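J.: As a plain string of letters, each chain reads:
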Amino acid sequence: MGSPFASFYEWIRVVCFHVGGVSQLTLSAFVRILHRPFRFRLWFEQMEQVGVNSLVVALLTASFTGMVMVLQTGVQLARFQSENMTPGIASLALLREIAPVLTSLAIAARVGAAITAEIGTMKVTEQLDALESMGTDPVQYLVVPRLVAAMVMLPLLTILTDLVGILGGCLVGVTKLGITFHYYLDITFQWVKIEDFMSGVLKTVVFGAIIAIIGCYTGFTSKGGAEGVGVATTRSVVASFILILVSDYFLTEILLKVI
Amino acid sequence: MVGHAESNFLNSAREDPRIRLEDVHIAFGPNRVLRGVNLRIAKGETLVVVGRSGEGKSVLLKHIIALLRPDRGEVWIDDYRMDTLEMSLLTMVRKKVAMIFQGSALFDSMTVEENVAFPYREEKRLPKKEIRERVVENLRRVHLTDPSVLEKKPAELSGGMKKRVGVARALSMEPEIVLWDEPTTGLDPVTADAINDLIQETQEHTGATSVVVTHDMASAFKVGDRMALLHRGRIVYEGTIEETQDTTHPLMRQFIDGTATGPLTEEEEEDLG
Ligand SMILES: Nc1ncnc2c1ncn2[C@@H]1O[C@H](COP(=O)(O)OP(=O)(O)OP(=O)(O)O)[C@@H](O)[C@H]1O
Ligand SMILES: [Mg+2]
Numbered sequence: 001m002g003s004p005f006a007s008f009y010e011w012i013r014v015v016c017f018h019v020g021g022v023s024q025l026t027l028s029a030f031v032r033i034l035h036r037p038f039r040f041r042l043w044f045e046q047m048e049q050v051g052v053n054s055l056v057v058a059l060l061t062a063s064f065t066g067m068v069m070v071l072q073t074g075v076q077l078a079r080f081q082s083e084n085m086t087p088g089i090a091s092l093a094l095l096r097e098i099a100p101v102l103t104s105l106a107i108a109a110r111v112g113a114a115i116t117a118e119i120g121t122m123k124v125t126e127q128l129d130a131l132e133s134m135g136t137d138p139v140q141y142l143v144v145p146r147l148v149a150a151m152v153m154l155p156l157l158t159i160l161t162d163l164v165g166i167l168g169g170c171l172v173g174v175t176k177l178g179i180t181f182h183y184y185l186d187i188t189f190q191w192v193k194i195e196d197f198m199s200g201v202l203k204t205v206v207f208g209a210i211i212a213i214i215g216c217y218t219g220f221t222s223k224g225g226a227e228g229v230g231v232a233t234t235r236s237v238v239a240s241f242i243l244i245l246v247s248d249y250f251l252t253e254i255l256l257k258v259i
Numbered sequence: 001m002v003g004h005a006e007s008n009f010l011n012s013a014r015e016d017p018r019i020r021l022e023d024v025h026i027a028f029g030p031n032r033v034l035r036g037v038n039l040r041i042a043k044g045e046t047l048v049v050v051g052r053s054g055e056g057k058s059v060l061l062k063h064i065i066a067l068l069r070p071d072r073g074e075v076w077i078d079d080y081r082m083d084t085l086e087m088s089l090l091t092m093v094r095k096k097v098a099m100i101f102q103g104s105a106l107f108d109s110m111t112v113e114e115n116v117a118f119p120y121r122e123e124k125r126l127p128k129k130e131i132r133e134r135v136v137e138n139l140r141r142v143h144l145t146d147p148s149v150l151e152k153k154p155a156e157l158s159g160g161m162k163k164r165v166g167v168a169r170a171l172s173m174e175p176e177i178v179l180w181d182e183p184t185t186g187l188d189p190v191t192a193d194a195i196n197d198l199i200q201e202t203q204e205h206t207g208a209t210s211v212v213v214t215h216d217m218a219s220a221f222k223v224g225d226r227m228a229l230l231h232r233g234r235i236v237y238e239g240t241i242e243e244t245q246d247t248t249h250p251l252m253r254q255f256i257d258g259t260a261t262g263p264l265t266e267e268e269e270e271d272l273g
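Line by line, the protein sequences are chains A and B.
Going by the working numbering, the first residue of the first sequence is number 1, and it counts up by one from there.
Going by the working numbering, the first residue of the second sequence is number 1, and it counts up by one from there.
Don't read these hints as lab results, they were simulated from the structure.
Every value quoted in this text rests on a predicted model; they were computed, and no experiment measured them.
Just so it is clear, CB atoms sit at the ideal spot from N, CA and C, and this is done for glycine as well.
Certain hints may be false.
What the hints assert, rightly or not - One-sided excerpt, in silico: chain A residues whose CB lies under 8 Å from chain B:
{"no.": "1", "residue": "T125"}
{"no.": "2", "residue": "Q127"}
{"no.": "3", "residue": "D129"}
{"no.": "4", "residue": "E132"}
{"no.": "5", "residue": "S133"}
{"no.": "6", "residue": "M134"}
{"no.": "7", "residue": "G135"}
{"no.": "8", "residue": "T136"}
{"no.": "9", "residue": "P138"}
{"no.": "10", "residue": "D248"}
Extracted from the complex, chain B is given alone in its bound form (with noise of 0.2 Å):
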């Protein structure tokens, strides 16, 4: 059944996708860090990305929502071509898509609840009681449930609780697309779970698509129906989450495997392409 629906998500990604990036190349200065990115996500799959660490995962991510934008090739959302769409489609199309930071990057001069509030407050939709009706549900779906947090500065957090107040801003997007970077790190087990079941639920209530960037295999294979891995700047290996357990893939095996030899961790050979 499972299986069902993940290779249905492979054809959807192939000819259908949500969110599409055709040979993405981005350098800072001299460092070439996405060197010809493809990869398509389908409408309502969890796509996880794996990568080591300064690979470029997060700086794939924002080229999804154009904070960044490639030195060359496309990045699509739907019909928008996302890095060279116009400002007022632009703001449309990010108002769909909620990504959680690495760093949660809270706004330090609000109050918990005025950063989680901030996307209501923004569309001037809702009155002020339903807003702090889903600013304390959102929070309460992070497990945070005292409502003292409420009245906090970020400063007064701890890391993992930032990280889930960031989940929560996040969440009050009411999102389609929700982009999440590395949303379990610097949690505890427990909690770390929970966001797991926050993924997976996003996903099954709301239909919304997901790409997670994560360190954490159990989390991957929890939430994920694709999984794909970032190695020197490219998708080196793409596949179900099936496959991918048994996979022989060398790279992949030992990033699974997480072995500290291997072709994942060999010298760099100079590359021209």
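Chain A with its partners taken away, still in its complex shape (with noise of 0.2 Å):
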């Protein structure tokens, strides 16, 4: 105790810990997604409360970025008098980037939190013992459908939140710039290619698993009652956004090269 390298040590240590904690439910949850029993019913269940959770904070978040961005980059392109440019540049942003990382944060932060608050509280109150006590695994039951509702939901909330997005930033183009609206969607489908779209779309699967993976784990490692809980869904939220903007810069030097 006291030592700084000491407290380093165990820092590292308790790092180390969660890393492996964390890649072994990773593990064990992608090889249950091909194997019997396939809860299907639980699935849809929980696409569904993602859905629900997300859709709202979801397009508020995706219409003002693409407003805001729009604005942005419309004032400072005309500096240069290139403000013909602003749909192309605002939408390649939006697609490429924006939408799909403000999405991802948004989610994780209402819905990482919400599976961490929920299996946290099945922790701390014994419902995860009764469940393995009744020989169901826990992993399958409750982890599996999570991950496949997040890695299927989020990709599809990006896709809307892109459209929102671009007809957010289109409004602001056409009543505070004075670009027209065939324009803007004229420059917007030159510049943006499929790929762009794609490069975004696909990193939201990753994203998708970050949160759900983040979400159970350190639900599944709460303990202290309710209040071990509100601190482990603090942590969720924290760990999944580092998460998710680390993974975010090297995803996307892959598919930069890839597609």
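Dock chain one against chain two, each of which comes alone in its own frame, and use the hints as you go.
T.: What follows is the structure in structure tokens.
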């Protein structure tokens, strides 16, 4: 205790422990997706949950981000008399980065936190023990449906937020920057290629997995009653945020090479 | 007659136990909870485990179905070593064992009906109508007969009702071994006695082996064939119910009489064992 070296050592130990735990959970969850019993009813229930929980927050995030993007780009480009490029630049940034990442962050805060709170409560009230004692595998029963749901729903929501973001941007373009509606869409479709759209959407499959796995893992490892669940929920959101942002960089690097 | 059956259990517990714990140790950080538990439970017998609060009785039960694994020692059910058993076999053994949790541990996202039906639905062998009938029957056995209870969520139930739904869910496992963690705590005397009857009934009708953790001595003497006392991480007393009633074992005596001063409550000397 006390020495900074010892506490650094302790920190490394804890980080390694959790990295190990998360890797193990990820592996066993993906293995179980392909194994009986397939709990399709639970999968669809979770998809519904993810959709219901995140639709409003995702759409709000997307529309205002689209709007502010166009406003900022438009005003800055006007300094170089290049405001006619606004729709293209804003839409590219939106589809490739802003919409997928911000949607995922918003959903991590909403859905990831809900997953941790639910599973954490099950843990501290011994419901997980009860599940296991009856011979039901908690990973198969709880993690797999949430993982599948997040990996399916996040890309779908991102497609929606892409659309809403562009429309929001278009609205600002037309009303504030004096660009016509037709011109706006023309430029957007000239600049944006299907690859740009795909690379944004594909990333969110990984972000969805991160949100579900981290949400479940922090739930499983929470302890100490309701207070412990609260702490775990905060941790879950922070960890998902960091992992989403870090993996976003590396995914972008890979995707730029591949497509 | 009863005495005869009890001594039979004693013999068969020694020679051919259904559940066997060998030198089980577990510590949570510095808190050494079990420090060498040895226990054998015969097929078809009801063993009552008593001990003061926080001694590790719930921890002991959780070791039997491998919800916790010992730091040292072995846990056996029949010929399966539970603490190291591979997953698919463990699942198979667990389906024969039902645990009634101290805090009920009902699934709070599900209704009472879904909770009690859960073991049947997981098995996927019975048609829906049949499941429903058995759910109603199992709830009736714990004296929950009001049909409106089926649709309720656990949050809408009283503590005693939750406990009984927990018992009903365990009955749905149609278990060969039942682990009861304080099944009568928090129940009114009438319902508590109904649970006592139920424990005896499951033993008599299905030949189930039971381990009952309880603080309720009336219940212990009513349902038990044998009794064991857990104290400072070890089983310090074991005897048939008859022996136990007029035992002179100082720790067990104090527990039965419920006196505040005595060997049970003496300051714990540093144990380096
Ligand atoms: N998962 C766990 N992690 C850490 N400590 C634990 C855990 N489970 C139990 N303990 C500790 O083990 C000890 C025994 O707990 P246990 O719940 O088995 O007591 P008990 O004999 O069942 O008591 P009661 O009669 O009050 O139910 C306690 O000190 C408790 O804090
Ligand atoms: Mg207990």
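J.: Hints first: check each against the structure and report whether it holds.
T.: Results for each hint:
Below 8 Å, beta-carbon pairs count as interface contacts, and T125 (chain A) has one with chain B at about 6 Å; its hint therefore holds. Among the interface hints, the one on Q127 (chain A) holds; its C-beta lies about 5 Å from the nearest C-beta in chain B, closer than the 8 Å criterion. Nearest Cβ of chain B to the Cβ of D129 (chain A): about 5 Å, under the 8 Å cut. The hint holds. Hint on E132 (chain A) holds. Least Cβ distance to chain B is approximately 6 Å, under the 8 Å limit.
For the restraint placing S133 (chain A) at the interface with chain B, the shortest Cβ-Cβ distance is roughly 5 Å, inside the 8 Å limit, so the hint holds. Because the smallest distance between the Cβ of M134 (chain A) and any Cβ of chain B comes to about 6 Å, under 8 Å, the interface hint for this residue holds. With a least beta-carbon distance of about 4 Å to chain B, the hint placing G135 (chain A) at the interface is held under the 8 Å criterion. Proximity of T136 (chain A) to chain B holds as hinted, the smallest CB-CB distance being about 6 Å (cut-off 8 Å).
Because the beta carbon of P138 (chain A) sits about 11 Å from the nearest beta carbon in chain B, more than 8 Å, this interface hint is broken. The beta carbon of D248 (chain A) comes no nearer than 33 Å to any beta carbon in chain B, farther than 8 Å, and the hint placing it at the interface is violated.
The structure does not agree with the numbered hints 9, 10 stated previously, though it agrees with the rest.
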